[in-house]
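J.: Mind assembling these two chains? They're in different frames, but the hints should get you there.
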Amino acid sequence: AQSVTQLDSQVPVFEEAPVELRCNYSSSVSVYLFWYVQYPNQGLQLLLKYLSGSTLVKGINGFEAEFNKSQTSFHLRKPSVHISDTAEYFCAFDDPSGAQKLVFGQGTRLTINP
Amino acid sequence: KAGVTQTPRYLIKTRGQQVTLSCSPISGHRSVSWYQQTPGQGLQFLFEYFSETQRNKGNFPGRFSGRQFSNSRSEMNVSTLELGDSALYLCASSGTEGYNEQFFGPGTRLTVL
Numbered sequence: 184a185q186s187v188t189q190l191d192s193q194v195p196v197f198e199e200a201p202v203e204l205r206c207n208y209s210s211s212v213s214v215y216l217f218w219y220v221q222y223p224n225q226g227l228q229l230l231l232k233y234l235s236g237s238t239l240v241k242g243i244n245g246f247e248a249e250f251n252k253s254q255t256s257f258h259l260r261k262p263s264v265h266i267s268d269t270a271e272y273f274c275a276f277d278d279p280s281g282a283q284k285l286v287f288g289q290g291t292r293l294t295i296n297p
Numbered sequence: 388k389a390g391v392t393q394t395p396r397y398l399i400k401t402r403g404q405q406v407t408l409s410c411s412p413i414s415g416h417r418s419v420s421w422y423q424q425t426p427g428q429g430l431q432f433l434f435e436y437f438s439e440t441q442r443n444k445g446n447f448p449g450r451f452s453g454r455q456f457s458n459s460r461s462e463m464n465v466s467t468l469e470l471g472d473s474a475l476y477l478c479a480s481s482g483t484e485g486y487n488e489q490f491f492g493p494g495t496r497l498t499v500l
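Line order of the protein sequences matches chains D and U. Heads up: take any position in the first sequence, counting from 1, add 183, and you land on the numbering used here. Heads up: take any position in the second sequence, counting from 1, add 387, and you land on the numbering used here.
Just chain U, same shape as in the assembly (with noise of 0.2 Å):
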C-alpha cells in the first residue's frame, strides 16, 4: 500500500500571499488531520476530517482552513500569509474501525518571507 502523500514538499511565499497544501490519505483511509509543526510551538492539531466534514478544530485562526473531497483527499489553505505560518505541514490518515493509528506523510515545508 502506498504511504501517505504530500504536495508539493517545499513551499517558498511572501507575507500577504494564500497557499494550498494537499494531502492524499492511505487508499481506504476516512480520516485526515494536520497538524503543523514549528520549533517554537511544536507539533499542533489544526482540523481533521472524515467522510468530507470537519469533526475536529484546533486552536488556529480562520485563515487556517480546509476540506476534504469524495476520494477521501485533502487540501488545507492558508490565507494571507504571515511569518510565523513558516512550519512543516503534517498531514495524517486513518482507518475507520475500532480506534486507528495515524499515519504521516512527509510534511510539506512552508517558508513565508
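The following block holds chain D by itself, in its conformation from the complex (with noise of 0.2 Å):
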C-alpha cells in the first residue's frame, strides 16, 4: 500500500541550530513529493517540492530536501531556525497521473526553543 511515514512526531530544537524532519514513502510507482507546513488555526502552506530534476530542491523560509530515491527518502533541512519556524510539518505525496490526492504522513511537530 502507498503510504508516507514520518520518522518523529515531536523534534525539539534550539533556536539557530540546524534540524532534519525525516520522511519516507512506500509507493510502486514514481510519486511527486511535496513538504507542506501548518501553523496553528491555519490550513497548509506548500514549503517545497519534488517533481522531477535535481535531487535537492530549495523550497521557501530557507527550508531544503533531498529526494532520495534508492532509499525512498525526502527529509526536510534547514540550516538555522527561528522561533517562527515553529509549526506542524507533513510530507506528502502525489501520483503524476494528475490525480490531486495528496497522501500525507502523520506530521512532525517542531519545536523551536529560545
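Hint data in this document are derived by calculation from the structure and do not stem from the laboratory. One thing to keep in mind: the hints can contain errors.
[Unchecked claim] Interface residues of chain D toward chain U, partial, derived using beta-carbon atoms under 8 Å: (1) L229; (2) Q283; (3) K284.
[Said to hold, decoys possible] Residues from chain U that keep clear of chain D, each with C-beta distances beyond 10 Å, as calculated: (4) V406; (5) E439; (6) R450.
Note that the Cβ used here is the ideal one computed from N, Cα and C, for glycine as well.
T.: Below, the structure written as C-alpha cells:
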C-alpha cells in the first residue's frame, strides 16, 4: 500500500540550531513529493516540492529537501531555525498522473526553544 | 489573487444533524480537493472535483458527499453526523495545465456534540 512515514512525531530544537525532519515513502510507482507546513489554526502552506530533475530542492523560508530514490526518502532540512519555524510539518506524495490526491504522513511537530 | 476561501470557519453541530461546508477556489482553478484532518487519523483525502465531476474519491462512507458548481465553487455535505466527524476540513484548489500544486484554504473546524 502507498504510504508516507514521518519518523519523528515531535522534534525540539534550540533556536539557530540545524534541523532535519525525516520522511520515507512507500509506493510502487514514481511519485511527486511535497513538504507542507501548518501554523496553528491555519491551513497548509507548501514549503517545497520535487517533481523531477535535481534531487536537492530548495523551498521557502530557507528550507531544503533531498530526494533519495534508492532509500525512498525525502528529508527536510534547515541549517539554522528561528522561533517562527515552530509549526507542524507534513510530508506528502501524489501520483504524477494528476490525481490531485495527496497522501500525507502523520506530521512532525517542530518546537523551537530560545 | 485571492486565496482559497472556506466558509464557515467554525461550526458546532449535534449528532444526527447534517452539515454543508463551502469552498471557493483561487480564480481560474478548476480542481477542488477536500481533506479531513483529525488528531488520530491525520490528513485524509475525501474527494476531488474537476469541472463539476468527481474524479477521485477517498475511503469515506457515503454520508460524505460533495459537488462542484460551474464557477468551480465546491460544497461538501456530511449527513447523520457522528462524534467522530469532528475535524478540520480542508479544501485545496489547483490549476489545470500539467501537474499543479494544491493551494489550501484555512479550513472549517467542525465540532459534533
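J.: Holds or violated: is the Cβ of U/R450 farther than 10 Å from all Cβ atoms of chain D?
T.: Nearest chain D Cβ is 20 Å from U/R450, so the label holds.
J.: So, D/K284 near chain U? Judge it on the closest CB pair being under 8 Å.
T.: Since the shortest Cβ distance to chain U is 5 Å, the answer is holds.
J.: Let's test the interface hint: is any C-beta of chain U closer than 8 Å to that of D/Q283?
T.: holds, 5 Å
J.: Taking 10 Å as the cut and beta carbons as the points, is U/V406 off the interface with chain D?
T.: holds, 19 Å
J.: Would the hint on D/L229 be counted as holding, given a Cβ-Cβ threshold of 8 Å to chain U?
T.: Holds. Min distance 6 Å.
J.: Report holds if the minimum CB distance from U/E439 to chain D is greater than 10 Å, and violated otherwise.
T.: holds, 15 Å
Of the numbered hints given earlier, the model fails none.
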